[in-house]
Amino acid sequence: MSALHELAGQAQGMANDVFGPTWGPNVYTFGQALATIVVVLVPLLLTVLYYQLVERWVIGWIQVRRGPNRVGWKGVLQPIADAIKLLMKEQMIPSGASKALFLLAPIVSVAPALAAWSIVPFAPGWVISNADAAILLMLAMTSMGVYGVIIAGWASNSKYAFIGAMRAAAQMVSYEIAMGFAIVGALMAGGSMNLSEIVARQDTGMGFIGWFWLPLLPLFLVHYIAGLAETNRAPFDVAEGESEIVAGFHVEYSGMMFAVFFLAEYANMILVSSISALIFWGGWLSPLDFGPLRGSWIAAPSILWLLAKIAFFMFAFLWIRATFPRYRYDQIMRLGWKVFIPVTLAWIVVVGVLMMDPFRTWPVVRIWFGQ
Amino acid sequence: MAFKDIFSGLMLSELFKGLSLTGRHLFKRKITVMYPEEKTPMSPRFRGLHALRRYPNGEERCIACKLCEAVCPALAITIESEQREDGTRRTTRYDVDLVKCIFCGFCEESCPVDSIVETHILEYHGESRGDLIYTKPMLLAVGDKYEPMLAAARAQDAAFR
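Read top to bottom, the protein sequences are chains A and B. Using this note's numbering, you'd call the opening residue of the first sequence number 1 and step up by one each time. Using this note's numbering, you'd call the opening residue of the second sequence number 1 and step up by one each time.
Just so you know, these hints were derived from the structure itself, not from any lab. Hints are not guaranteed to be accurate.
Here are the simulated DSS-like cross-link-like pairs (lysine-lysine), alpha carbons at most 30 Å apart as the crow flies [as the list claims (entries may be wrong)]:
(1) B:K30 / A:K74
(2) B:K28 / B:K39
(3) B:K66 / B:K30
(4) B:K39 / A:K74
(5) A:K338 / B:K30
(6) B:K30 / B:K17
(7) A:K85 / B:K30
Listed next, with one range per pair, are the computed distances between beta-carbon atoms [claimed, not checked]:
(8) B:A2 / A:I298: 41 to 51 Å
(9) B:K17 / A:S129: 17 to 27 Å
(10) B:K17 / A:N157: 56 to 66 Å
(11) B:M11 / A:T361: 25 to 35 Å
From the structure, some residues in chain B lie toward chain A, with a derived Cβ separation under 8 Å [stated by the list, open to error]:
(12) L12
(13) G18
(14) L19
(15) T22
(16) H25
(17) L26
(18) K28
(19) I31
(20) T32
(21) P36
(22) K39
Beta carbons: idealized from backbone N, C-alpha and C, even for Gly.
Here chain A stands alone, though its shape is the one from the complex:
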């Protein structure tokens, strides 16, 4: 870390020398922001690339197949081959499409998916923007994603794309409410909208018992399942519905433009996994941080714990996809409006009551709300 600080100091000095004392600090701030963005986004994009290989492996293994294992050692170069294939492909724009909107849609779809990563902390202080309204920003960014879907479906001038976009839009809007309420419960328990502070509040000295997943279990389940619906993943992937509407809103897209939609979807999946890990599962805190283990190396908070938690939730996405059949559309709407929203509302009341004064010092409740 000290070497990094030294490097930053040198860069600051260099910026001051080259651009003068008025512009130097601004240039340095800009360069620093750019560098942190690169440091976050490059591993993210590599993860997206390999996430879809792991997806094909896991689903293959669950179906007692082997999955892709031909390109490179055990198939590890498969995503590279896929990327090259998509790059080489022709970008087709249907003659009836609205050209400007058609080209805009992938950008509108991917930009919020990547922008939301600006508020995700990876360890204490390791965050692009330690915003106090981080959760609000995240909700705002993920709800922007629906515009990409609608624009894509509308601009394609194709019936299938349009049906897919309508389905996706209705579904994402409905589940956003439940997801928002689930997060409201977490930020009530955390007492902050800053993700780093919510994680800090879960450091109760009880290891994994002290994290918010236990008092907020219904909210966690709703958050994760709504996350599946929000990213249009199985079993809520009627927006893709390959057996009826081919591929949904991105039927007419080919080559890299298709890949950009793909990237947005997977970046959103990883984002949902990280938010789950951060607000319900203690982020970078160690699950073994209790009793006699406290203070030992295994109880130390580390980015590795966070990455392991995110990896588990990412794996669960694939596991769920390989397990459950697709919901019927009216069932999706029923689940969202008639089950998730009442459950979250009821549990927000329960959390609110438990945080009130006589209850928050009660024996078990004290663990989470006693501070």
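Given the coordinates of chain A, assemble chain B onto it according to the supplied hints.
For chain B alone, kept in the frame of chain A given last:
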């Protein structure tokens, strides 16, 4: 009863049952056959690419009776014949159109002299139109090349015919 249903529904018990089943399948031994390296066993009655056989003395078996041409449901076989100098009837043309052929094996069954047969070869291809119309010399060449394989398969299946 209704309360129990609601409770187990809220605890997602059936969903977790399903997840545990697929979770166990994740670690099962995979049954994929890695095709070019591994192949599945093949019956001696497998019907692949056609061949025309010869007798051990090198004389071609086919006597141009045209039973195969008559029985072929896809009309894939075309035969023309004439009398040879030694007075026997022989084919001058024996074409099998593999694009039309449905690999039913009727030609092989109808042949009184076991001349037209189907080999175990399934990995063949054509690169231009007409490549998959096999003519008499091509069929005889296939037969000459794979005679040991053909004889072995027929010997193996003889007990059941």
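Quiz item: Going through the earlier hints one by one, which of them does the structure break, listed in rising order?
Solution: 3, 5, 9, 10, 21 and 22
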